[in-house]
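Colleague: Given next are the chains, with one letter for each unit.
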Amino acid sequence: MKGRSVALIIYFVFLLLPIYWLVNMSLKTNQEILSGLTLFPREPTLANFQTILTDPSWYMGYVNSLIYVVMNTVISLSVALPAAYAFSRFRFIGDKHVFFWLLTNRMAPPAVFLLPFFQLYQALGLFDTHIAVALAHCLFNVPLAVWILEGFMSGVPKEIDETAYIDGYSFPRFFVRIFLPLIKAGIGVTAFFCFMFSWVELLLARTLTATNAKPIASTMTRTVSAAGMDWGLLAAAGVLTIVPGALVIWFVRNYMAKGFALGRV
Amino acid sequence: MAEITLAGLGHAYRPDPRQPSDFALQPMDFAFADGGAYALLGPSGCGKTTLLNIMSGLLRPSHGRVRFDAQDVTAKSPGERNIAQVFQFPVVYDTMSVFDNLAFPLRNRGIGEPEVRSKVEEVAAMLELGPDLRRPARRLGADAKQKISLGRGLVRSDVAAILFDEPLTVIDPHLKWLLRRKLKQVHERYRRTLVYVTHDQNEALTFAEKIVVMHAGRVMQVGTPQELFERPEHRFVGWFIGSPGMNFVPLERDGDGLRIPGTDHVLPDGLVGPGQGRIELGIRPEHVRITGSPGAEGVPVEVERVEDLGNYALVTARLGTATVMAKLSEDAPLMPGQAFLRLPPAWTRLYLDDRLVH
Amino acid sequence: MDKIENNKAWFLVLPVFVIVAISAIIPLMTVVNYAFQDIFSPQDRYWVGTEWFESVLADDDLHGALIRQFVFSFVILLVEIPLGIALALAMPARGWRASLALVLMALPLLIPWNVVGTIWQVFARADIGLGGWLVNALGIPYNYTNDPVAAWLTIVVMDVWHWTPLVVLLCYAGLRAIPDAYYQAAAIDGASAWKVFRYIELPKMRGVLLIAVLLRFMDSFMIYTEPFVVTGGGPGNATTFLSIHLTKIAIGQMDLGPAAAISIIYFLIILTLSFVFYNVMTRMGTGERA
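Protein chains in written order, with this note's numbering: chain A, 87 to 351; chain B, 488 to 845; chain C, -18 to 271.
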């Protein structure tokens, strides 16, 4: 028992050290960063954060990212819910094939889709819009959402559906009023995963945007300038990208173990 | 094989218990005789599973000692104290065959392969698992899996006791009685000490030689099925055993006798003695007689309802201010209305503050 | 559970079908178009058959990227899966310690991938990074910008840092789903800690391990952002994995035909291997022991 805890603590040190270093750097001036290694900021400064939070070209990056992430989560959930219900309750022509085909899209390397997406969205006039990124992220989030939700829905006894129909519920009313509340936890966990994968993706998001919908991740490349790297600013921007994720984890921490277990295993 | 002695044994889940309600299991002294078949019977939350887990060593009691024969095993782990346990849900090692499952406890104790083989085959034959020995254990049904769990206990000849924690919960009703019969055979053949936890009185009554009725962390009565039925020592036992349970009619002191309120029926007072407290009359529905005509000793009652339950009729009657249930045979039909009730003295018990006095 | 035969269920699947068709089938058709034709403009295109495939398959750069990709994914699985299992076993089971450990564990998963790259790019630098500085201070010369071995190590350690938590969380969920009775039965049967792991925990984790191996294989095989930020594929081509190679050709050189051909080969490799993994692992679990 003792040995296990020690091993775990060592791993957490390994896990937290790089993050600490990022936070440490974000509180330093560029001169201090470049002048030598210091374990703590000698003159702690919030100047880097101030720059980001007052300059629209910086903070709009966060806003853009959040907009398309939320859009993607909503789209993914609303199309995946009925489909997952169909997979968990009915047999129909090609059901297994469609399910497997959906999963293969989770396996598709985004790099493969880069160029076709670029051309497709330009042809549709969607280039550099939030919806373009949100739709592109559906490529991997919708299959994942269907997969997780199907697992949760299969855990709900079919008798509940039958009882509701006998009681005279129409399908839409039954689905929204009775069924969805039963899998609240599953919907929460799915939303978490959609949020997470859309938030961390950069390659597609960067390729499909230019200025209006530019995600924070690509704004960060601005820190390379003629004057050299602005390390402090880069670190501060990085720290701020960790915050939404950390908040989301904190809220779902009690569902986490459950959610991972209930995907179709 | 061993006699299991509980000495001053009690358990509280919270540290530093002060009052009785802090204990999940009230301190008690008890001995399970070697080779006996016992049932621990009680409603959920009565402490029977706590007691079982203490005996198996899964739980360390906060008070008292557990002894197997002369040996104090209170501090020993389940592996060290030579017991076996069958759980509520079948536990088998999924990746192993039935044979490997049965051999597992022996191999873990370093027993040689020839002996393992003969022992496993003997037990498998006894449990009718022989044809399935080579199959993966997870392919078998719940009833066969419970037999494997039991078999893992039977293969070890040094087992002090086999403990069962509601083992028939997930078994189909039509297979339950087969398994119960198998358990009886196992007991007759091996004469191991068996302790069987259940909330189902039918299971307890058919399986056990002695039943330990528990309630609120306390042992209420220990006895054979017949004793529990005929002489419940506590109001709870009377109420809990039987279907429906024992009738209880409050009595009031009236001069030298005890009277059923609202009637003229008087019992002699000498039966209870001068004690103060709540006096009740207890009688099983099976022993209540109700007839349409007033014979000797007949007390007038108002029959409220007659339910035909197949081979008997369940009669609900108003006796003074109390309600009495009676199980009557079909051939004496009764209609709601006036009738007469008799309480055979041989089956009539008296309780003072919930305890049997006569 | 018996499912009802009902083809009207297709109406429920239709929205998903449309969305995924837009975001997968149409782009994939474009890729196929490019792979078999030489396209200068929509009007000006030539059928080239398998020409792109032949030239791409003969390309040493692709061979190199492919080999590096396989070695990388192999190493990643070899390190992350056992480490993930071990850490999951070490995690506290309940209470505030479990919550805290879960939250810390999940932290790297919620960091945008380029920021993960940035964190390690900085952390591993010998001049301003704590990690790189520490290694050098121990007397081991280390500089990932000009030493291929150091670059590889950096990328592998970064991936372990980034993705082992996913394996841990999956295994942890699998472990928590094991009823206490199994551990109790094993204790009564006198099983050692190793046997408990081998005959209870490992078999019960099979489902989540399958997911973990599949996800880690697929995602490590597609890795792009993190190594691109840290090393840009260098030094030389030392850390140019398949995705980086592909993007170099598609965006960097605008060689759309060869890029499309590589894309198709790439996709097929992942599909085939995932399919093989899936079948091997599901069969392994159901196979009967003699």
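Worth flagging that the hints you see were computed from the coordinates, not collected in a lab. There may be inaccurate statements among the hints.
Said to hold, decoys possible - Here are the simulated lysine-lysine pairs, PhoX-like style, with alpha carbons at most 20 Å apart:
1. C:Lys(-11) <-> A:Lys244
2. C:Lys(-16) <-> A:Lys244
3. B:Lys697 <-> B:Lys671
Stated by the list, open to error - From the structure, some residues in chain A lie toward chain C, with a derived Cβ separation under 7 Å:
4. Ile96
5. Phe98
6. Pro104
7. Leu132
8. Ala169
9. Phe178
10. Ser256
11. Ala277
12. Val329
Ideal placement from N, C-alpha and C gives every residue a C-beta, glycine not left out.
Colleague: Holds or violated: Lys697 (chain B) and Lys671 (chain B), Cα atoms, limit 20 Å.
Modeller: 13 Å, holds
Colleague: If you draw a straight line from the CA of Lys(-16) (chain C) to the CA of Lys244 (chain A), is it 20 Å or shorter?
Modeller: Holds, at roughly 9 Å.
Colleague: Given Pro104 (chain A) as an interface hint, is the shortest Cβ-Cβ distance to chain C below 7 Å?
Modeller: 4 Å, holds
Colleague: How about Ser256 (chain A): closest beta carbon in chain C under 7 Å, or not?
Modeller: 14 Å, violated
Colleague: Would the stated hint for Ala277 (chain A) survive a check requiring a Cβ distance to chain C of less than 7 Å?
Modeller: At about 14 Å, which exceeds the 7 Å cut-off, the nearest Cβ of chain C leaves the hint on Ala277 (chain A) violated.
Colleague: Using 7 Å as the Cβ threshold, decide whether Ile96 (chain A) counts as touching chain C.
Modeller: 10 Å, violated
Colleague: Mind checking the CB of Leu132 (chain A) against every CB in chain C and telling me if the closest is under 7 Å?
Modeller: This interface hint is violated because 19 Å lies over the 7 Å limit.
Colleague: For the pair we were handed, Lys(-11) (chain C) and Lys244 (chain A), check the Cα-Cα distance against 20 Å.
Modeller: 18 Å, holds
Colleague: Was the hint right that Ala169 (chain A) lines chain C, CB cutoff 7 Å?
Modeller: 4 Å, holds
Colleague: So, Phe178 (chain A) near chain C? Judge it on the closest CB pair being under 7 Å.
Modeller: 4 Å, holds
Colleague: Can we keep the Phe98 (chain A) interface hint, with Cβ of chain C closer than 7 Å?
Modeller: With Cβ-Cβ at 6 Å, under 7 Å, it holds.
Colleague: Against chain C, with CB atoms and a cut of 7 Å, does the hint on Val329 (chain A) hold up?
Modeller: 10 Å, violated
Of the hints listed earlier, those the structure fails to meet are numbers 4, 7, 10, 11 and 12, in rising order.
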